[in-house]
Amino acid sequence: MENGNNDAYWKATLRLLAKVLVIWFLVSYGAGILFAPLLNNIHLGGYPLGFWFAQQGSIYVFVALIFYYAKKMGDIDREFDVHED
Amino acid sequence: MDLQTVTYLFVGASFALYIGIAYWARARSTSDFYVAGGGVHPVTNGMATAADWMSAASFISMAGLISNMGYGGSVFLMGWTGGYVLLAMLLAPYLRKFGKFTVPQFIGDRFYSNGARTVAVICLLVASITYVIGQMTGVGVAFSRFLGVSASTGIYVGMAIVFIYAVFGGMKGITYTQIAQYMVLIVAYTIPAIFISLNLTGNPIPQLGLGSDLTGTGTSLLTKLDMVVTDLGFNQYTTTPAGSMLNTFFYTVSLMIGTAGLPHVIVRFFTVPTVADARSSAGWALVFIAILYTTAPAVGAMAKINLHRTVNSAVQPGTDLFAPEASLKHEDRPDWMKRWEVTGLLKFEDKNKDGRIQYYNDKTTNPAVQANAKAAGWQGNELSVNPDIIVLANPEIALLPNWVIALVAAGGLAAALSTAAGLLLAISSSISHDLIKGVFVPGISEKKELLAGKISMAAAIVLAGYLGLNPPGFAAGTVALAFGIAASTIFPAIMMGIFSKKMNNTGAIAGMLAGLFVVLFYVFAHKGILFIKGTEYLGLVGGANGFFGITPEAFGTVGAMVNFAVAYLVSKVSAEAPVYIQQMVEGIRVPRGSSAATGGHA
Numbered sequence: 008m009e010n011g012n013n014d015a016y017w018k019a020t021l022r023l024l025a026k027v028l029v030i031w032f033l034v035s036y037g038a039g040i041l042f043a044p045l046l047n048n049i050h051l052g053g054y055p056l057g058f059w060f061a062q063q064g065s066i067y068v069f070v071a072l073i074f075y076y077a078k079k080m081g082d083i084d085r086e087f088d089v090h091e092d
Numbered sequence: 054m055d056l057q058t059v060t061y062l063f064v065g066a067s068f069a070l071y072i073g074i075a076y077w078a079r080a081r082s083t084s085d086f087y088v089a090g091g092g093v094h095p096v097t098n099g100m101a102t103a104a105d106w107m108s109a110a111s112f113i114s115m116a117g118l119i120s121n122m123g124y125g126g127s128v129f130l131m132g133w134t135g136g137y138v139l140l141a142m143l144l145a146p147y148l149r150k151f152g153k154f155t156v157p158q159f160i161g162d163r164f165y166s167n168g169a170r171t172v173a174v175i176c177l178l179v180a181s182i183t184y185v186i187g188q189m190t191g192v193g194v195a196f197s198r199f200l201g202v203s204a205s206t207g208i209y210v211g212m213a214i215v216f217i218y219a220v221f222g223g224m225k226g227i228t229y230t231q232i233a234q235y236m237v238l239i240v241a242y243t244i245p246a247i248f249i250s251l252n253l254t255g256n257p258i259p260q261l262g263l264g265s266d267l268t269g270t271g272t273s274l275l276t277k278l279d280m281v282v283t284d285l286g287f288n289q290y291t292t293t294p295a296g297s298m299l300n301t302f303f304y305t306v307s308l309m310i311g312t313a314g315l316p317h318v319i320v321r322f323f324t325v326p327t328v329a330d331a332r333s334s335a336g337w338a339l340v341f342i343a344i345l346y347t348t349a350p351a352v353g354a355m356a357k358i359n360l361h362r363t364v365n366s367a368v369q370p371g372t373d374l375f376a377p378e379a380s381l382k383h384e385d386r387p388d389w390m391k392r393w394e395v396t397g398l399l400k401f402e403d404k405n406k407d408g409r410i411q412y413y414n415d416k417t418t419n420p421a422v423q424a425n426a427k428a429a430g431w432q433g434n435e436l437s438v439n440p441d442i443i444v445l446a447n448p449e450i451a452l453l454p455n456w457v458i459a460l461v462a463a464g465g466l467a468a469a470l471s472t473a474a475g476l477l478l479a480i481s482s483s484i485s486h487d488l489i490k491g492v493f494v495p496g497i498s499e500k501k502e503l504l505a506g507k508i509s510m511a512a513a514i515v516l517a518g519y520l521g522l523n524p525p526g527f528a529a530g531t532v533a534l535a536f537g538i539a540a541s542t543i544f545p546a547i548m549m550g551i552f553s554k555k556m557n558n559t560g561a562i563a564g565m566l567a568g569l570f571v572v573l574f575y576v577f578a579h580k581g582i583l584f585i586k587g588t589e590y591l592g593l594v595g596g597a598n599g600f601f602g603i604t605p606e607a608f609g610t611v612g613a614m615v616n617f618a619v620a621y622l623v624s625k626v627s628a629e630a631p632v633y634i635q636q637m638v639e640g641i642r643v644p645r646g647s648s649a650a651t652g653g654h655a
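In order, the protein sequence lines correspond to chains U and C.
The first sequence begins at 8 in the numbering used here and counts up by one.
The second sequence begins at 54 in the numbering used here and counts up by one.
These aren't lab readings, by the way, just hints derived from the structure by calculation.
Ideal Cβ positions, reconstructed from N, Cα and C, are used throughout, including at glycine.
Among the clues, some could well be false.
[Claimed, not checked] Partial list, computed: chain U residues near chain C (C-beta under 8 Å): (1) G11; (2) A15; (3) A19; (4) G37; (5) F42; (6) N47; (7) N48; (8) P55; (9) G81.
From just these sequences and the hints, can you work out the full model?
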């Protein structure tokens, strides 16, 4: 496998990683901590929204993020022809 | 059948199951022993990882911590789950591609240095041994509370069980018992939660119940809880953070990267067949963990309002909490309170001699609450509740049948034993594979290495049992240390090993040592040198939490930053990593060509 392809593959990987990390940061440190006081003015059923993100929502998003990442990485692997057999 | 008999039956049956699995899953090769032969299905591995990860603390203590801290407890929920996103993306797939048996082996090979490998072994041993002490004491506590035997008898029994499946089965035995242990612990955790949620909100799903109305009040459960606790002088439940915003931030980061850097969790991902499996397996692990972690806040909040409702009859109708007849008469208290009073985890002291239980925050600075309490003739809080009761007494509070209580006992033991086994494997493989084979006797045959692994495992179990029986005075503060060390040494070293091709041996070693040093320096400043009382040196760090108000528990984040910075600077002024290492890193980055993990240095 030539180096150019590997470099492009790694760049695509890092792009996906950055995207996932931004969402990871926003739901936990953003919605769950920094903006929690603000979001608590909104309610999700009986939950203040900031509190919900901190104790429920962020965890659900984390799960979704890992599966999204695994799926997208599979696509990238095949696109650059570096997938396992 | 009485409770004791049912509990013995349940715990006995679960132990018989673990031993049966151990017999079936004996380890015949080093590959079996270190990585379960490398053929574990990603969903199966996810389940085993969940049991490996969720310890006695997660099962017994976490809901109680959240119950006490309210919103502040979110640092544990986010910190101990968010780390899996990092693990899935930054570490697990690449370490799986690397295809070796242990974490120090990666660090040693990547940084072409037995010195780096040895530093990694030391960090691993300190983090894992401190962590395993807590599991052993957890086993003792569960035994003494539920089975009516002494804590030390409990620890001996626990050691014997772990011995059987960990020594003979290695990772293979541990993997399949962890799956059984996950089932036991998750059923034991969710059944009482479902009942208490149904009881309080009419919704059987605790995650939804927490966002529902408290039955018979027309007010949402959390709003009601906020009103009641603030009226009684406690902090508002849904908004009070754990320290400053900065500390909350650092604490969460520290727990997240500490989670991702704990070796006993990382090695679980060496057992799946492919790189793609390692990615999805982390997702499955978090699914299984999330079932407990999203239930815990519901259990915490519901148990809290239930307790207030039990001791103060004005809570439910929303009438005057300070009315004399609202407080529960001590002689009318429910049976479960009597039972837990015996253990000393629940204490009542009738300060104003009115025969009733007044439960409020007598240290409140809220003048209105102080005035109300004074007018009502309250002379101080009369009820103290150990947070561990929240999970342990939940089935009794919800009036569930004896078999549910027995199940909780088996669940607590499953949580402690599964984590202990994972830690013991990380400890023993770092000794037999990294120190014996890697550094001291490189020519050792596979058969002898397997034997060395089993002997190290047996020795590690005896050591863990000894420390569990004679817990050093510092045991309580040490889990924070385990996370701090994993966060400040192992996580950055692995990450730089993958994401920087040029990071070299001197940089990595200097970084790990610097990270380890600042964390130990700061923690010891607060808790004493090697946790010996009287040797604290708070003056040197500017007083308690002197570094921008960061608590020692949250300091792993600072340690990681120091590690990254030192490693970067040192690597800039020393020779960059040789070409063959840079090529190795390129190889790790692409999935193709992965093969089952092996111990060799091919």
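Outcome of the hint check:
1. G11: With Cβ-Cβ at 12 Å, over 8 Å, it is violated.
2. A15: Violated, about 11 Å.
3. A19: This hint is violated: A19 (chain U) lies away from chain C, its Cβ roughly 11 Å from the closest one there, beyond 8 Å.
4. G37: 11 Å, violated
5. F42: Cβ of F42 (chain U) sits 11 Å from chain C, so the hint is violated.
6. N47: With a closest approach of 6 Å, the N47 (chain U) hint holds.
7. N48: This hint is violated: N48 (chain U) lies away from chain C, its Cβ roughly 11 Å from the closest one there, beyond 8 Å.
8. P55: This hint holds: P55 (chain U) lies near chain C, its Cβ roughly 5 Å from the closest one there, short of 8 Å.
9. G81: Result: holds, 6 Å to nearest chain C Cβ.
Figure legend: structure checked against the earlier numbered hints; hints not met, in rising order: 1, 2, 3, 4, 5, 7.
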